[in-house]
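Q: For the protein sequence lines, the chains are A and X, in the order given.
For the first sequence, my numbering assigns the number 4 to the initial residue and increments by one for each residue that follows.
For the second sequence, my numbering assigns the number 3 to the initial residue and increments by one for each residue that follows.
No lab work stands behind these hints, which were simulated from the structure alone.
C-beta: ideal position from N, C-alpha, C; glycine also.
A short, non-exhaustive set of chain X residues, derived as facing chain A with CB atoms under 7 Å:
#: 1; residue: THR295
#: 2; residue: LEU297
#: 3; residue: VAL299
#: 4; residue: ILE301
#: 5; residue: SER302
#: 6; residue: GLU303
#: 7; residue: GLN305
#: 8; residue: THR306
So the derived label-pair ranges between C-beta atoms look like this:
#: 9; chain 1: X; residue 1: ARG274; chain 2: A; residue 2: GLU67; range: 30 to 36 Å
#: 10; chain 1: A; residue 1: ARG139; chain 2: X; residue 2: ALA277; range: 47 to 53 Å
#: 11; chain 1: X; residue 1: MET283; chain 2: A; residue 2: GLU67; range: 20 to 26 Å
#: 12; chain 1: X; residue 1: MET283; chain 2: A; residue 2: ASP95; range: 18 to 24 Å
#: 13; chain 1: A; residue 1: THR153; chain 2: X; residue 2: LYS311; range: 17 to 23 Å
#: 14; chain 1: X; residue 1: GLU336; chain 2: A; residue 2: THR153; range: 44 to 50 Å
#: 15; chain 1: A; residue 1: ASP95; chain 2: X; residue 2: PHE279; range: 22 to 28 Å
#: 16; chain 1: X; residue 1: GLU336; chain 2: A; residue 2: ASP95; range: 32 to 38 Å
#: 17; chain 1: X; residue 1: GLU316; chain 2: A; residue 2: ASP95; range: 33 to 39 Å
#: 18; chain 1: X; residue 1: GLU316; chain 2: A; residue 2: ARG141; range: 20 to 26 Å
#: 19; chain 1: A; residue 1: GLU109; chain 2: X; residue 2: GLN348; range: 37 to 43 Å
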Amino acid sequence: MRILIVEDEPRLLRNLARALREEGYAVDVAAAGDEGLYKAESYNYDAIVLDIMLPRLDGWEVLERLRKQKHTPLLILTARDTFKDRVRGLDDGADDYLVKPFDLSELLARLRALIRRSAGQTTSQIDVGGVVINTRARSINREGRQIPLTAREYAIFEYLALHRGEVVTRTALYEHLFDENEDTMSNLLDVHIFSIRKKIGRDLIKTRRGQGYSIER
Amino acid sequence: MLFKSIRWRLQLWLAFLLVCLLSGFGFTVYQLQRVSQVKQLDEELERRVAVISGAIRGGAPKTGVSSLSFEGRPENRELNGDSRQPNTSRRFSDAPGVRDDRKGPFGPRDFPISEEISNLFDRGGASAFYFIVWSRDGAIFKRSSNAPAEVPLPTRLGEMDTRTYARTRDEYREAFHFTELADCVLTGRSISADLASMRRFKFLLLAAGGIVLGFGLGGGWWLTSRAMRPVDDISLAAMRISEGNLSERINVSDTDSELGRLATVLNSTFARLEASFAQQMQFTADASHELRTPLAVIISEAQTTLARKRGGAEYRESIGVCLNAAQQMRRIAESLLQLARFDAGQEPMRRNALDLAENARMCVDGIGPLSKERDIKIRCDLRRAEIFGDADRVDQLITNLLTNAIQYNKPNGDILVTTGTENGDAVLKVIDNGQGIAAEAVGHVFERFYRVDKSRSRIEGRSGLGLAICKAIADSHGGSINVSSELGTGTTFIVRLPAMKVS
Numbered sequence: 004m005r006i007l008i009v010e011d012e013p014r015l016l017r018n019l020a021r022a023l024r025e026e027g028y029a030v031d032v033a034a035a036g037d038e039g040l041y042k043a044e045s046y047n048y049d050a051i052v053l054d055i056m057l058p059r060l061d062g063w064e065v066l067e068r069l070r071k072q073k074h075t076p077l078l079i080l081t082a083r084d085t086f087k088d089r090v091r092g093l094d095d096g097a098d099d100y101l102v103k104p105f106d107l108s109e110l111l112a113r114l115r116a117l118i119r120r121s122a123g124q125t126t127s128q129i130d131v132g133g134v135v136i137n138t139r140a141r142s143i144n145r146e147g148r149q150i151p152l153t154a155r156e157y158a159i160f161e162y163l164a165l166h167r168g169e170v171v172t173r174t175a176l177y178e179h180l181f182d183e184n185e186d187t188m189s190n191l192l193d194v195h196i197f198s199i200r201k202k203i204g205r206d207l208i209k210t211r212r213g214q215g216y217s218i219e220r
Numbered sequence: 003m004l005f006k007s008i009r010w011r012l013q014l015w016l017a018f019l020l021v022c023l024l025s026g027f028g029f030t031v032y033q034l035q036r037v038s039q040v041k042q043l044d045e046e047l048e049r050r051v052a053v054i055s056g057a058i059r060g061g062a063p064k065t066g067v068s069s070l071s072f073e074g075r076p077e078n079r080e081l082n083g084d085s086r087q088p089n090t091s092r093r094f095s096d097a098p099g100v101r102d103d104r105k106g107p108f109g110p111r112d113f114p115i116s117e118e119i120s121n122l123f124d125r126g127g128a129s130a131f132y133f134i135v136w137s138r139d140g141a142i143f144k145r146s147s148n149a150p151a152e153v154p155l156p157t158r159l160g161e162m163d164t165r166t167y168a169r170t171r172d173e174y175r176e177a178f179h180f181t182e183l184a185d186c187v188l189t190g191r192s193i194s195a196d197l198a199s200m201r202r203f204k205f206l207l208l209a210a211g212g213i214v215l216g217f218g219l220g221g222g223w224w225l226t227s228r229a230m231r232p233v234d235d236i237s238l239a240a241m242r243i244s245e246g247n248l249s250e251r252i253n254v255s256d257t258d259s260e261l262g263r264l265a266t267v268l269n270s271t272f273a274r275l276e277a278s279f280a281q282q283m284q285f286t287a288d289a290s291h292e293l294r295t296p297l298a299v300i301i302s303e304a305q306t307t308l309a310r311k312r313g314g315a316e317y318r319e320s321i322g323v324c325l326n327a328a329q330q331m332r333r334i335a336e337s338l339l340q341l342a343r344f345d346a347g348q349e350p351m352r353r354n355a356l357d358l359a360e361n362a363r364m365c366v367d368g369i370g371p372l373s374k375e376r377d378i379k380i381r382c383d384l385r386r387a388e389i390f391g392d393a394d395r396v397d398q399l400i401t402n403l404l405t406n407a408i409q410y411n412k413p414n415g416d417i418l419v420t421t422g423t424e425n426g427d428a429v430l431k432v433i434d435n436g437q438g439i440a441a442e443a444v445g446h447v448f449e450r451f452y453r454v455d456k457s458r459s460r461i462e463g464r465s466g467l468g469l470a471i472c473k474a475i476a477d478s479h480g481g482s483i484n485v486s487s488e489l490g491t492g493t494t495f496i497v498r499l500p501a502m503k504v505s
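All chains should be built: construct the whole structure from the sequences, respecting the hints.
A: This is the structure:
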């Protein structure tokens, strides 16, 4: 899952990026409105965390312009706490609104919910052919036994599971699982997929030659 | 409640006045009408009394012989109550030359009913005139056929009283007089028709008065409604404002009337109220925003760090971030507190004679490390400028301005600090050739939490209150602070404080 954080307070930006990376997300950051808008328009993020008081282009403007092009799930994270601001934010196209100061666990839960909902999923548990993915604990169980996956492997499997029934292209996987700073080698994905198959079983993830991967519904 | 309303009280007063006026007017009209009718009837009766009186004395009827009235007779004497009115303008007495020896036992002379008399009386109908003549012994001597049955003999006031009196008896009006021989002549007429017409007249007057009263009250209600409508508007608007809708205004259509002027004054008061409320709200929102951000940093940083086991270096870094944010909060809190004290006039001031030049030099020395760090040169042109002020606050003002000039400068920029006196003011100028301030922002720089560049200054850890505090300090010293700036060229802050009088 790849997330964009647009926040002008540098300490908070660094902290959020670290916290989300530790949760296994690929994280891009922007410290100003225009930069944030550019990135949000250029990549298909799984979610965006947007501040309102931003230099150059404020959050309202970013939201308005972005919504003309993309439906990326977006959470407004701001110190503006009046109900007018909340209503405006949600009406302008934000999917969620969280007021600073916030609890990190709440922010993470809301982001998980946003990503889940945008994939058409309603709970934090996904059952794929007897393999249960718990997105909250970021764990995978089969018949009650936990299967140990690396963070990256888990991310790939979760993404495929969330989009089960559709073919996920390699490009899409790269875009959603690696942030802008990562130097990705083209065969890295094959290595991860190989490893996941070894741990869970060969048949769950199908390879569509020339298109990508998919998990059958 | 109802009678406390101005409108109802006006209406009651109007009703009271109208009733007074109308009843006074109606009563007068009624009385005038009645008096004139009575007078007319009395004249008719007296004329007839004179005719009969003449007839019983055998002479020609003497009518209107006022020339024979007795001098010195009491006037306006009343007989048997108020219904009898003496009429002194008509007196009947013997013509000169008539013998006086008829005072004996002679009765009145009989007379034939001449055509003239029969024309005057006996014409039939309910309102015909009648007459009765009594002889001096009280017996009825002669009477017209239509005279009522029981007519009491009037009493004579004095021996020689021959004046004609009028009296009202039940539904009859009668005039009578006694001749010198004490015969009594009385003429009368039924006035039931007159009374009925007066009753009709009274009823008409009452009806007309009622209608006028109704119209008057209706008009009064309309007038008071018209006059009170602006008051109602004002009170409604004020009520909506007191309910919290501060943007509400009184609709003023007629600004020149008294109430229009009142409404205009109230509107401008409401506008000021709203502005100060909005300012207060903005300030509170800004303050909470400024405090929330570092708080968010502390909480988020601590939660992230505590989420898993980390090495000592990571903990150090994390605690450093928290400390940094906490210190930012402390700066904001201190500044807010100081501003609040200035607002309440409670900031303690220890005023002494001091020289701005000296304070400025000390502040420039103190800020040296920061300016060196940024490669900014500070030049001074400090002349004596004595004021009576609080040295700590003045230092704070100068340091704030210098910090500001350094932080919004460009690398290798210059700052010029001057002090001196101008027109009896001690003047401090801090001039930089840095970034300058955009024209639309210049007017706001002294506002609390106003920032020209919203992101940059927060990175510097500034509270956004420095210049607001400068202004508060200048104000509390009875001085002023002004700024002029041009984008890209530089900014000049000028502080004027009242100079100490040189004795």
